[in-house]
Amino acid sequence: MTKPLLDVDDLRVRFHLRTGTVEAVRGVSFQLGRERLGIVGESGSGKSQTGRAILGLTPPPGEVTAKRLAFDGIDLLTASKRTLRTLRGGRISMVMQDPKYSLNPVMTIGEQIVEAYQAHAKAGRREARDRALAMLEAVKMRDPARVFSLYPHEVSGGMGQRAMIAMMLVTDPDLLIADEPTSALDVTVSMEVLRILDELVTERGMGLIFISHDLKLVSSFCDRVLVMYAGRVVEQLEAKNLREAQHPYTQGLMRCLPTLKDDVRPLPTLNRDPAWAQ
Amino acid sequence: MLDIQNLQVVFGTGRLRVDAVKDVSFHVEPGAAYGLVGESGSGKSTVLRAICGLAPITAGRVLVEGRAVTTPRGKDFYRTVQMVFQDPYASLHPRHTVDRTLSEPLAIHGEKDQEARILQALREVGLGPSFRFRYPHQLSGGQRQRIAIARALILRPKVLLLDEPTSALDASVQAEILNLLDDLRRKMGLTYILVSHDLAVVAHLCERLLVMRHGEAVEETTSEALRSGVASNAYTQSLIQASQGFTRDAKEPVRSLAG
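Chains as they are written, first to last, in our numbering: chain A, 1 to 278; chain B, 1 to 259.
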């Protein structure tokens, strides 16, 4: 790995609330090349806030600090709003959890993709339209021209999420952050969406941050996995070595899932050790 | 215990007609746990809702302990059959304390000894008496689902309808709730009907299950058969495969699944 695409050192996200300060992310550090990185954790572990902080999408009154937060040599913490705007959606983009909420309900899917493309590339309408159609085809829509003119409520969840992926990839980003991209979808549909995402990421040599609560899914999809607990990374490991996970939290997470293969009863539960959060 | 015969549920008429459940039949023995599996829109939840009166029975019959249910359902029915909903964040009244949530079914059915019953119900689901006067926002997701289970159990029903009871919960909390449900069934001799999209969860809790798709029963099978990977139906096979996680070299999934 030469120069990392993304360099995160000691990232912290704090929320100053009336009831005191909550630190959602407490000193997360990692480097990302052109690879697939998974971030796993349960709700409240700070995995989504980590993804948002990279894009500068931490909602107020949140405060983001880091020793270093750099994308391709650009310091994201000191960069001007203008620079950030060109990066966001252009070179870094993000797929959110539920297409029902992340697509604009009053614009056709095609228009939205065209808008995303024109916001970052100097392109005429015809070129943008061709790009959008090509992109819809790349995410395996059966009839791109028809989908182009459909509104989000007219498509299924799986199609909506594929449209979302098309929109995020039309600008040819270097880094894609996917925050639970398939948890609103059915299992069979989500496998198909993942397969498309996998193909596109590999084909274009992008960096991918895949945020999910599903350890099994992440380990089968990514090259490397960060396991987060209470705002910290408790373990970092190669996805294929997941079975040899050292941290009791990771081991507990793996064991507590019922599997089709064997019948364990009662299921082992997780005894949370306060020391993990230290 | 429970007999569903040629159940059909239709919403709307004319152009807006939706056949949510088409001719589904199954039978659940007393003390058994029966699973309904399928993707969204397969009609699995509608079957549950039709049993307990939240969806209309357009055709067919639902028999509880050998007797056909009446519409609207009587108090007797709700003493026998209770339901636990998917999302504990939505199914508990946000401005009612745990105490009030639990005392409501007792008041409706004119039960005595409310205080003792509430404390006992809390104990059964593994919560202490300190939870009695809390509001739902003061509870974690797992604790809320325990309260929802306590509310369903407080009238001592024989059948529990579980509609995706763990899909809104974290994996480690899911394990706790599944263990609790397993325990309760053994202790109280309950009959379960569990609806879930997660094959592993259904196989863990139930002995027999019905795979549904587009409102129709695809295949009735046993968890034993699932474990050994025996499924005669291609759709069941694809569900089993999907539950194993993502694979790069997998075959194309059943084509008609795509949006």
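Worth flagging that the hints you see were computed from the coordinates, not collected in a lab.
Each residue gets a CB set at the ideal place from its N, CA and C atoms; glycine is no exception.
Careful, some of the hints might be misleading.
Here are the computed distance ranges between Cβ atoms for each label pair [what the hints assert, rightly or not]:
1) T86/A - E207/B: 20 to 26 Å
2) A59/B - R142/A: 43 to 49 Å
3) S183/A - H27/B: 31 to 37 Å
4) D172/A - G12/B: 54 to 60 Å
5) H137/B - M107/A: 57 to 63 Å
6) N241/A - T70/B: 36 to 42 Å
7) L54/B - A275/A: 45 to 51 Å
8) Y101/A - H137/B: 18 to 24 Å
Selected chain A positions facing chain B (in silico; Cβ < 7 Å) [as the list claims (entries may be wrong)]:
9) I196
10) T250
11) M254
12) C256
We went through each hint and held it up to the structure:
{"no.": "1", "hint": "T86/A - E207/B: 20 to 26 Å", "verdict": "58 Å, violated"}
{"no.": "2", "hint": "A59/B - R142/A: 43 to 49 Å", "verdict": "35 Å, violated"}
{"no.": "3", "hint": "S183/A - H27/B: 31 to 37 Å", "verdict": "34 Å, holds"}
{"no.": "4", "hint": "D172/A - G12/B: 54 to 60 Å", "verdict": "45 Å, violated"}
{"no.": "5", "hint": "H137/B - M107/A: 57 to 63 Å", "verdict": "36 Å, violated"}
{"no.": "6", "hint": "N241/A - T70/B: 36 to 42 Å", "verdict": "59 Å, violated"}
{"no.": "7", "hint": "L54/B - A275/A: 45 to 51 Å", "verdict": "46 Å, holds"}
{"no.": "8", "hint": "Y101/A - H137/B: 18 to 24 Å", "verdict": "22 Å, holds"}
{"no.": "9", "hint": "I196", "verdict": "10 Å, violated"}
{"no.": "10", "hint": "T250", "verdict": "11 Å, violated"}
{"no.": "11", "hint": "M254", "verdict": "9 Å, violated"}
{"no.": "12", "hint": "C256", "verdict": "4 Å, holds"}
Going through the hint list in order, the structure does not satisfy hints 1, 2, 4, 5, 6, 9, 10 and 11.
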